[in-house]
Amino acid sequence: MSPVFLILALVTLLSAVAAISFRNLVHCSLSLVVTFAGLAGLYLQLHAQFVGFAQVLVYIGAVAILIVFAILLTRSADTPNHAVLAPGWLVGIAVAVVVFGALGLAILKSEAISKKVPAAPEATVKQIGDALMNQYVLPLEVIGLLLTAAMIGAVIIAMRDDKEAK
Amino acid sequence: MNWIVQYLWLIPALPLVAAGIIAVSKQPHRKLAASLAIGSMGLGFVLSLMAFLATLGHHGEHGQFREVYNFNWLQFGGQWLQLGWVLDPLTAVMLMMVTFVGSLIFIFSIGYMAHDQNFTRFFCFLSLFAAGMLGVVIANSLLLLFISWELVGLTSYLLIGFWYHKPSAAAAAKKAFITTRIGDMGLLLGMVWLYAQSGTLLFYDGGKGCLENDALVRMVAQTAATGMAVTTAIGLLIFLGAVGKSGQLPLHVWLPDAMEGPTPVSALIHAATMVAAGVFLVARVFPLMEVTLDSLAGNADGLPSTALQVVTWVGALTAFFAATIAVAQNDIKRILAYSTVSQLGYMMMGLGVGGVAIGMFHLITHAFFKALLFLGSASVIHGCHEHQDIRFMGGLKKFMPVTFLTYAIGMLALAGFPLFFSGFWSKDEILHAAHGWSVSHWPFYLGCAGALLTAFYMTRQVALVFFGSYRGGHSHSSHRSGSDLKSADTSAHSKEPHESPAVMTVPLIVLAACAVLLGFLGTPWWPAFQGYLGQHHGSAGGVVPLMVGSTLIVFAGLGLGWWLYAKRQRKTADEPDVLEVVRPDIFALLRNKYFFDEAYEKTVIALHAWFARACDFLDRWVWGGAVMLVSAITVGLSWLYRATDEFVVNLGFDAGCKGIRQGGDGLSKLHTGRVQNYLRVIGVALVVLILFLVWGRKA
Amino acid sequence: MTELQGYLLLSALLFTIGLAGAITRRNAILALIGIELMLNAANLNFIAFWRFGPNPEALTGLMFVIFSIAIAAAEAAVGLALIIAIYRHYKSVNLDEMNNLKG
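From first to last, the protein sequence lines stand for chains A, B and C.
In short: position in the first sequence from 1, add 1, done, that's the working numbering.
In short: position in the second sequence from 1, add 3, done, that's the working numbering.
In short: position in the third sequence from 1, add 38, done, that's the working numbering.
In short, the hints are calculated from the structure, not lab data.
The list that follows gives simulated cross-link-like pairs (lysine-lysine, DSBU-like), each with its CA atoms no further than 35 Å apart: (1) B:Lys-672 / C:Lys-129; (2) C:Lys-140 / B:Lys-661; (3) B:Lys-29 / B:Lys-177; (4) B:Lys-672 / C:Lys-140.
Source: prediction; values computed, not measured.
Turn these sequences into a full structure, and let the hints steer you where they fit.
Below you can see the structure in the form of C-alpha cells.
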C-alpha cells in the first residue's frame, strides 16, 4: 500500500460520498468531477496512462459537463426545500452494505488472486492503436455506430416536440 | 305338370295386385278401381274354369284328380318350410263359386256404393278380401291356409268397419275380429300340433303330406291327454277355428253385428265366402277328421270319429238355435244373418253326417241364394232410402218388381221349396244323411225343425217387406235397428221406394238363375256334384219318402207364415208382432238372441277387463316402478354428482383461484413502478449470486 | 493484503457508494451520478486486474475499459436526454413520481 495509493483512494472515496450526499445538485456534480479526477490518478498509478487521459477527457470533460447541463435544464440547481432522500432509504443503505459485504467477502476469500506481482506492463499508444486497428477493429466500428445512434437518439429524445404544441 | 296347376297362384295374385294398385290410386279414380277389381275377378273366373276343366281329366289313384305344386319357402336349421297349392275338385268348385259370385257382387257394388265417398277404398278392400279367400281355397299347406285365413279376417274387419266413424260399426268390426280370433287360436294350436306330429304342414306331398295315409296311421294310434286320439284332438282344434269363422255356437255372436257393414260386404263375406271358409276348412282336412281305427282297417260299419260327431252336434244345434232367433228379428239384414248362421249349421251337420260332397253341395247352393237374398235386400234398402226395419216397409212388390221376383226365388230356394230350387236338393241330401246317421237321430229332428222355422221366418220376412201397403214415409225417432250411415234424411219424407238401376238388378237375375239351375246338379238320380267330389252314394232308395216328408215340412212352414203375416197385414209399423201378442215372453227372449251377448259381457268380457286392469296395474306400478326406481337412482346419482361438482370441485377451484389471485396481488406489490426499488432488488440478487458462486465453488 | 486486493476493495467500495446513491436519493440526476460511479468502479476493477493479472501484454483489460468509457459516455448522453424529456412531461425529476409502471 503505497501512500500515493492511499491518498488517491481517500480523495476518491470522500468525493464520491460527497457526490451523493450534498443537497445542492451542483455541489454534487462538482464532487463527481473530483471523483473522476481521483480515478484518473489511480489509472496513472496503474500504468494505464491512455485510459487515465481518456478518463479525464471523456468523463470530466464530457459526462460531468453533460450532468451540469442536465441539472440546469431541469431546474434542479436550486437547493430543494423538500426531502432529498427517497422513502425507504434505510433499506437502500442496508442493501448497499450487504452488497459491499458480499463483494468484500468474495475479494478477501478469493484464492485466485496470486501473491506474485508481475512487472509493470508497457502500454504505449502505438500498441493500443495497433490493437484497435487489428484485433479490435470490429468493436471499434460498432462503437462508432453506437455513438452515432446514441447521439441521434439523444437529440431526438430531448428535442422539443413542436408539433405537439401546435 | 299341367300348366294351370303351376300357375294356379295367379288366381289369388290378380286381386292382390289389383288391391295394391287401387290402394295407391287417388279417390276420384273410381272407374280405375272398379275396373281393376272386376277385371281381376273376371280373369280369375276364367282361370278357375280352366282349372275346372283340367280336373275333369285324368283321375288319380283314389279316383280323383289331384295335382299339387309345392315349393320351399323358409329354411330354418336343416329343414325347409314348404308352401304349395293343390288343384283338386274341391278346390275347383270353390274357385269357380268364389270368383263368379264375387264378380257379380263387385258389379252390384258399383251401383250400391255409387254415392259413397270412399268408393275406391271399398274396392281395394274387396279385392284384398278376394285375394285372401282364393288363397285359402288353393292352399296345400296349412300354414299358407292360415296366412290367407288371417288376411280374410283382417279384410272382414276392415269391411265391417267400413263406415268407421259410426261407433256401432267400429264396435262390430272389433267384435268380429276378436271373436274369430278365439277360433283362430284353436286353429293355430292345431296347426302347431299337427306339424309336431307329422313333420309337415303340406296336405298332399306325394305320400308324405299330413292328410295322407302314413301320417294319419301314425297319428290315429297315439292318444293325447284326455284319452282321445291325436287326430281327434287336432281335428277338434282345427274345428274350433271353423267355429269362429263360420259363426257356429257359441262363437256366433259376431255375425249379426257384422251387418253394420255395407250390404254387398254382407253378401260376399257373410253369406257366400268367408263364413263358408270354415266349412271349407273342415272339408279340406276331412281325412284327418274322419279317420278312425275302424276306417283304416277298412271296416265301413264302425262309428264315425269323435271329431265328426262333435261337428255334427255343433252344426245341428246351431241350425236350430239360430233359426229360432231369426223368427223374432225386425231388421231385414239381421234376419238374413241369423239365417246364414243356421244354414252354416246345416253345412257342418252335412259334413259330419254325410261327408265332404254333401256339405259342399249345400255350401255352393247356399252361396248363390244367400248372396242373391243379401243383394236383394241391398236393393230394397237402397230403394227405401236406407231404411232397414221391415216394419217400415211393405207393399214393395209393386215398386220394385224385379227385386221382388229375384228375392222370392232366393227365398224359396232357402226354404227348400221342392223340385225347382237348389236349396231343396242340397238340404234334402243333408237330411237324408242325418236320417241314416248311426249315432243318434236327434240331428235329424233338429234339422227338420230348423227347416220348418226357416220356411216360416222367410215367409214372414217376404210378407212384411213385399206385400201389404207401404208403411214407410212416417218419421220415427226410435229405430230399433241400426240404420246406414248414408241416410241423410231421417226426417219425414214421403218419397216412394224405387226400383234399383240395372247395374244392380242384372246380377240379381243371374244369381237367381243359378239358384234354380244348380240344384239339378245334385239330385239323387243324377249325383253329378257328389260324384265329382268323389263320394259315391249308397242307394237312391229311401230318398223319396224323405223328400215327401221334407216337402210337407216346407209347405207347413210356408203356410203358417203366409197365414200369420200375409193374410192379416199389419197396418202400421208400431203394431206388435203377432207372435209377440201370443207369447210375449218367448218372443222377447228370441228377439234378444237368448241374451247371449249380455251373458258374454258379464262373464268373459268382465274377466278380460279385470285381467286388463291387473296388467295395467302391474305395468304401471311394478314394471313401471322398477323403471322409475332406476331413474330415481340415476337422478339421485346425478344430484350427488352435481353437489360434488358444485361444492367440492368448484369450491376447490375457487379456493385455488383465490389463492392464485391473492398470490398475484401480493406479487404485484413488487411492481411499485419506482425504479429505485428495482435497483434494490437487483442489488440483493447480485449478493445472492455472489454468495452462491463463492460457496458453491467451495462445496 | 496485496495491492490488487486493495484496489479491488476500493472499487467495491466505490461501487457500493454509487449503488447507495442511486437507490437512496430522490433526484433522477443523482441516480445517474450513482450509475456513473458504479461504471467507474467497474473500470477500475478491470484496470487493476489488467495490471496485476496474468497476461498484461494482451492489453485486454485496457481495451475493455476504453470501450467501456465510450459506452458510458453514450449512455450518459441518452440517459440525460431521457431525463430532460421526462422533465418536460412531468415537470419534475422526482423519481418517486414516475411510477406509471406500478402494477
